[in-house]
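**Student:** If you want the building blocks of each chain, they are given just below.
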Amino acid sequence: MSRAEILDSADAAVAGIEDGATVLVGGFGLAGMPFDLIDALIRQGAKDLTIVSNNAGNGDVGLAALLAAGRVRKVLCSFPRQSDSWVFDDLYRAGKIELEVVPQGNLAERMRAAGAGIGAFYCPTAVGTPLAEGKEVREIDGRTYLLEYPIKGDYALIGAHVADTMGNLVYRRTARNFGPVMATAATTTIVQVDQVVEPGTIDPEAVVTPSIYVDRIVQVTARHYTVQGAR
Amino acid sequence: MSRAEILDSADAAVAGIEDGATVLVGGFGLAGMPFDLIDALIRQGAKDLTIVSNNAGNGDVGLAALLAAGRVRKVLCSFPRQSDSWVFDDLYRAGKIELEVVPQGNLAERMRAAGAGIGAFYCPTAVGTPLAEGKEVREIDGRTYLLEYPIKGDYALIGAHVADTMGNLVYRRTARNFGPVMATAATTTIVQVDQVVEPGTIDPEAVVTPSIYVDRIVQVTARHYTVQGAR
Amino acid sequence: MTTTTADRAYPGPPRSADHRLSMDELAAVVARDIPAGSFVNLGIGQPTKIADHLPAGSGVVLHTENGMLNMGPKAEGDAIDPDLTNAGKVPVTELPGAAYFHHADSFAMMRGGHLDVCVLGAYEVAFNGDLANWTTGRPDDIPAVGGAMDLAIGAKDVYVMMTLFTRSGEPKLVPRCAYPLTGLGCVSRVYTDHGVFDVGSEGIRIRETYGVDAGELAQRLGITPPHPA
Amino acid sequence: MTTTTADRAYPGPPRSADHRLSMDELAAVVARDIPAGSFVNLGIGQPTKIADHLPAGSGVVLHTENGMLNMGPKAEGDAIDPDLTNAGKVPVTELPGAAYFHHADSFAMMRGGHLDVCVLGAYEVAFNGDLANWTTGRPDDIPAVGGAMDLAIGAKDVYVMMTLFTRSGEPKLVPRCAYPLTGLGCVSRVYTDHGVFDVGSEGIRIRETYGVDAGELAQRLGITPPHPA
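Protein sequences appear in the order of chains A, B, C and D. Mind the numbering: the first sequence is residues 4 to 234 in our numbering, read in order. Mind the numbering: the second sequence is residues 4 to 234 in our numbering, read in order. Mind the numbering: the third sequence is residues 352 to 580 in our numbering, read in order. Mind the numbering: the fourth sequence is residues 352 to 580 in our numbering, read in order.
Extracted from the complex, chain A is given alone in its bound form (with noise of 0.2 Å):
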């Protein structure tokens, strides 16, 4: 459907989302980190989630939050331990807390695949290595490498600079990161952004999140955390 729904608040956006749903969440650290619908998705209460997401939250904000209200089941990512995963930390360390480490351009490779109906691929990233266990190994042209299949979300939580009306995205700087794969890797793409505005007001050919992949889109002020983590 055409013409995506633009929704009041961040709370009627994540409406729906059910327990055991996997739940793809944008962001790389902080930047394009989608805050408030994760805050919502908190309040709505779904949980046994698993969230596939390059880390596995920072400070106690976002994702963190998220973490640290017991909702996840299950964390995919490339990059759980950081300075500031804390939460994190300490639920992995208690055994309370599933995860999966992927490459980080195996996450992203996974999911571009989920979205453009690739069944699965070679790829050369990991090969030797102890995450290439359990994998099917193939040699192409003389190069060694490992059969990787889709990630497909239920869901997707990105985080955007302006919509249009239609569901067209154009994202700020390296806040871009994961969001336009996930959109295309989610049965409901939810996005919250900074403005939404009238179609034709985005070029045409500087769209980079095209209206088919975008469902749901809240307008949100725009809060500023510090790159470190905490409030």
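Wrong hints could be hidden among the right ones.
Stated by the list, open to error - Here are the simulated BS3-like pairs of lysine-lysine, each with C-alpha atoms no more than 25 Å apart in a straight line:
1. 138/A x 155/A
2. 507/C x 523/C
3. 99/B x 77/B
4. 507/D x 155/B
5. 507/C x 155/A
6. 50/A x 155/A
7. 99/B x 138/A
8. 138/B x 50/B
9. 507/D x 400/D
To be clear, the hints were calculated from the coordinates, so they are not data collected in a lab.
Please arrange chains B, C and D on chain A, whose structure you already have, making use of the hints.
**Tutor:** Just chains B, C and D now, kept in the frame of chain A:
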């Protein structure tokens, strides 16, 4: 190397293309077709070429002229037969050119794979059709896929709208088509543009082909062909 | 798998028109059946006409596989831009809210199942939804597939729009395709000048008839009549 | 495969410095060796310092895997933008000619072999170029790989920058890595405070020494001395 070479002429831009090279040629019909580069390639004289392009020439210009000059051994394309593909049609019927028909999306995705370091991928397109012959078949999650391999070029000849002197590119409308993908899939990417500008002129958020993929640039005077072929 | 209407429940008699439809009338029928707000790819040829019949405010967004969403009508006069064409290389226009993307992204969109509806022409469609629309397979026919195979497996619903019979009167809706296939079991509905059909794994079912009785249509196609004549 | 210098021709005695280098001096050495105009990714930590030593006009373009080419220096004061960071989440700036792209495109760029040089830190490097830099494998170490494995196999040349010995004096350049691997045979050169080494399928070779004799260095690493002492 970062700073793309800016050349004075299309002839200088295509220097060194060897006999027997695989050349990816941008354009969808005439939109985005790098006419000046192809004309220069005809003058340059390289022969026995394998051409990868969506079509096999329109009218008597561009790719059709290269074919007519007898320089092409084989064409990989999705759609050779068009109302104005008489040059290719005659060569093909006379047994003077090889043809490999590749579904359009596979053509694009196989070049993307070449540019993205993917060894091969499972694709649902063409399952159960004559174009599946000889391809490895695999069922994944209840759906049937064919194994597709990358298409890599020695050279890409593409058309874009504006380049900066570092090599960042933007395109115009549907003339974008295969250009950005081919730029990633060739060892040497050669681009004709309407305009060359200084770095900082193109909005970094709107760059379509980042500079890393571009090797040689030549600014040409825009030529307009009627859409159905003849000059 | 080829089945007939006998294999599944039939909800009622088909709607009908009192005459065989022209291709333009048929385009209007297809347009009527495309849900408001759908993302749609219209194949080269007859399906292109469907765009002219989409009601204003339908919110239908047209995708063209050469790299655009929210494509507008055919360009005329000064609006013609050689850099802006549809998949048939016909100059078109851009609507507010359009987006351009490259070919790999365009076909990822298609293959990834994001389009709601795709309407294609066909040489033949089988009762099980098999599609043949890319080559006759004759020795003198230069094969050219374009985006047909990608479209066939990409959209959530693949509709075919065609005449029901060849000029010599042979049905093009058949138990099994004789022409080389474009895709397996991919078509869900077939719009023709004589009627509209659901096809697929549950077999063929007549939805509408135009200028012909459903029983007679069933007989000409060699399928079980939908209900007692 | 582990081999030693004896296995290949040695072109001459290494250049040398009269003292062990600080990490900052070492960063300058790496910067000197990066060809002008290269596309380079500098890993988190020590390699980041290399950027400060690239000569003006080198034309080196920095890639950061979180989606940017032509990254500028660290941002200070008002230039800090939470939406613009490097892979270490440190605020950075943008240079003219920058481009932003999403993560799949960024890692396609890397995995596709388009970067000329990548410089990484390491726990250990083997003489054959095997790299261990992502986890100690200790039970209490939470594994976190980030982009390390993608970088290891992506760039045309992967350099490592590290101290040559652990605090307890054990070499980190070893016949075979004991730590869990990041990539196989992927490192081509190792820059350390005591010297620079070529590694790879042809084995290890000393290129430069800092404050130590090549023969002594070879002995400490257990490799064949490069030439008669």
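**Student:** Next, verify each hint and record whether it holds.
**Tutor:** Against the structure, the hints come out as follows:
For the hint pairing residue 138/A with residue 155/A, the CA-to-CA distance comes to about 18 Å; that is within 25 Å, so the pair holds. Of the pairs offered as hints, the one joining residue 507/C and residue 523/C holds, with about 23 Å between alpha carbons and a cut-off of 25 Å not exceeded. This hinted pair checks out: residue 99/B and residue 77/B have alpha carbons roughly 9 Å apart, not beyond 25 Å. For the hint pairing residue 507/D with residue 155/B, the CA-to-CA distance comes to about 17 Å; that is within 25 Å, so the pair holds.
Distance restraint check for residue 507/C and residue 155/A: the Cα-Cα separation of roughly 17 Å lies within the 25 Å cut-off, and the hinted pair is therefore satisfied. Note on residue 50/A and residue 155/A: the hinted pairing holds, with a Cα-Cα distance of about 18 Å set against a maximum of 25 Å. Restraint check: the Cα-Cα separation between residue 99/B and residue 138/A comes to about 45 Å, which exceeds 25 Å; the hinted pair is violated. For the hint pairing residue 138/B with residue 50/B, the CA-to-CA distance comes to about 30 Å; that exceeds 25 Å, so the pair is violated.
Distance restraint check for residue 507/D and residue 400/D: the Cα-Cα separation of roughly 21 Å lies within the 25 Å cut-off, and the hinted pair is therefore satisfied.
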